[in-house]
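S.K.: Put together the whole structure using the sequences plus the hints.
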Amino acid sequence: MKAILAAAIVVYVSLVVATAEVREHDVCWTAPQNAAAKPNPLANRPDAAAGGAKLFQDRCAMCHGADARGTEDAPDLSQPDVQAQTDGALFWKISTGNSRSGMPTFSFLPELQRWQLVLHLRRR
Amino acid sequence: MSSLRIGSLLIALALVNAAAARAQDGPFFVTYSHYLEEPGNLEVALSNTSGMPRGDRAAYSAPWLELEYGVKGWWTTEFYLEGVSARGDSSGFSGWRWENRFRPFKSEHRINPVIYVEYESINEASRIQKEIVGAGPLSFEPIADLRREHMHEIETKLILSSAISGWNVSENFIVEKNLTANEGLEFGYSVGVSRSLGGLASGTSCRFCRENLSAGVELFGGLGTSQEYTLNETRHYLAPVVAWRVSDRSTLKASTGFGLTDASDHYLLRIGWSYELPLRGRR
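So the sequence lines, in the order shown, correspond to chains S and A.
When we follow my numbering, the leftmost residue of the first sequence carries the number 59, and every step to the right adds one.
When we follow my numbering, the leftmost residue of the second sequence carries the number 5, and every step to the right adds one.
Check each hint, because a few of them may be wrong.
To be verified - Label pairs and their calculated CB-CB ranges:
| # | chain 1 | residue 1 | chain 2 | residue 2 | range |
| --- | --- | --- | --- | --- | --- |
| 1 | A | R214 | S | P97 | 18 to 28 Å |
| 2 | S | E169 | A | F177 | 22 to 32 Å |
| 3 | S | A93 | A | I119 | 25 to 35 Å |
| 4 | S | A124 | A | S206 | 11 to 21 Å |
| 5 | A | L162 | S | G128 | 32 to 42 Å |
| 6 | S | V85 | A | L242 | 44 to 54 Å |
Claimed, not checked - Here are a few chain S residues that sit away from chain A, every Cβ distance over 12 Å (derived from the structure):
| # | residue |
| --- | --- |
| 7 | A95 |
| 8 | A107 |
| 9 | Q115 |
These aren't lab readings, by the way, just hints derived from the structure by calculation.
Owing to the predicted nature of the structure, the values given are computational and were not obtained by experimental measurement.
Where is the CB? At the ideal position from N, CA and C, for every residue including glycine.
M.R.: Printed below as a string of structure tokens:
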């Protein structure tokens, strides 16, 4: 039993080391049409952006950087390929995440808070 | 000093030190959802289960330390160390566990499956009750005697979890096999619903506002064994749960479980604190 356990630990540590690379960009990650077409219900509530900024610092800045300009872990959100996406597409990506590229799922946040994040991203 | 007091002291010290932070843990203690640890994050959690048994059996306390690491977006691994202490009896180490969760799908769906595999090297004194399987009440022999009965177990779970209009709904189906005894397979379940209590986030920093609170309820218990398909003598609990994001990276949660059958304890009181440490090249 001890030998099996030791072997399992060796395999496990090897796997952790082998897979601990920087997150990769997933070019196939696109929002479905109906999700991308959703308008931001807070689009006319610029006052809600301050809450979005706070949420961004709490939830996103660790990977995307405090200024959203990206880190080695996650992309620059001020880039044209991000900003060209619709509010609905950004909302969908925040909500569903992408386990292959390491983007967490934020569907546990209330819907309005996810829209606040989109509002904040538009100000980058 | 009882382990309950030590646990409380550690939690209080940890709260004092929790200055910066971020955590997205739901309020559950038993039920797992599809939210895995973020890649490169290490979460350190201290928790305690205090049981109030029926009859004249002694109350007990079972603290555990949990180290959870996000290896990949689809893979989270955890290591547990656990102990036990009973009133009027002794205290001691009750074992360790190594858990892995795998999320097969890239994005979120209506129902999100997660595969859970855990190896447990514990003894019969284990009372943290992170899951309940099989049938029969807890054994209340002296802790020292129970600690001599060692077990190697494999536990698997199918976790199904959904995000529905701000609610999380999760169902866990558990199968456990004791590798050191011919007990067949033991079955269990856990279901839970929870939600954040906040709406729009305020622009100012506030720790005591609704957006930092989430609440829910979980129901869990045993479903017999492959050698005896019966619900007789199974333990079941209904437990309201609440979590508070103390700071961006730390969460405090608490739960009171109400025993629903004669085999169950009267109450299971749980408290837990977790803190997230970014390890991999984060700012």
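S.K.: Could you run down the list of hints and mark each one as holding or not?
M.R.: Going down the list of hints, with the structure as the test:
no.	hint	in the structure
1	A:R214 to S:P97: 18 to 28 Å	26 Å, holds
2	S:E169 to A:F177: 22 to 32 Å	29 Å, holds
3	S:A93 to A:I119: 25 to 35 Å	27 Å, holds
4	S:A124 to A:S206: 11 to 21 Å	19 Å, holds
5	A:L162 to S:G128: 32 to 42 Å	37 Å, holds
6	S:V85 to A:L242: 44 to 54 Å	47 Å, holds
7	A95	18 Å, holds
8	A107	8 Å, violated
9	Q115	8 Å, violated
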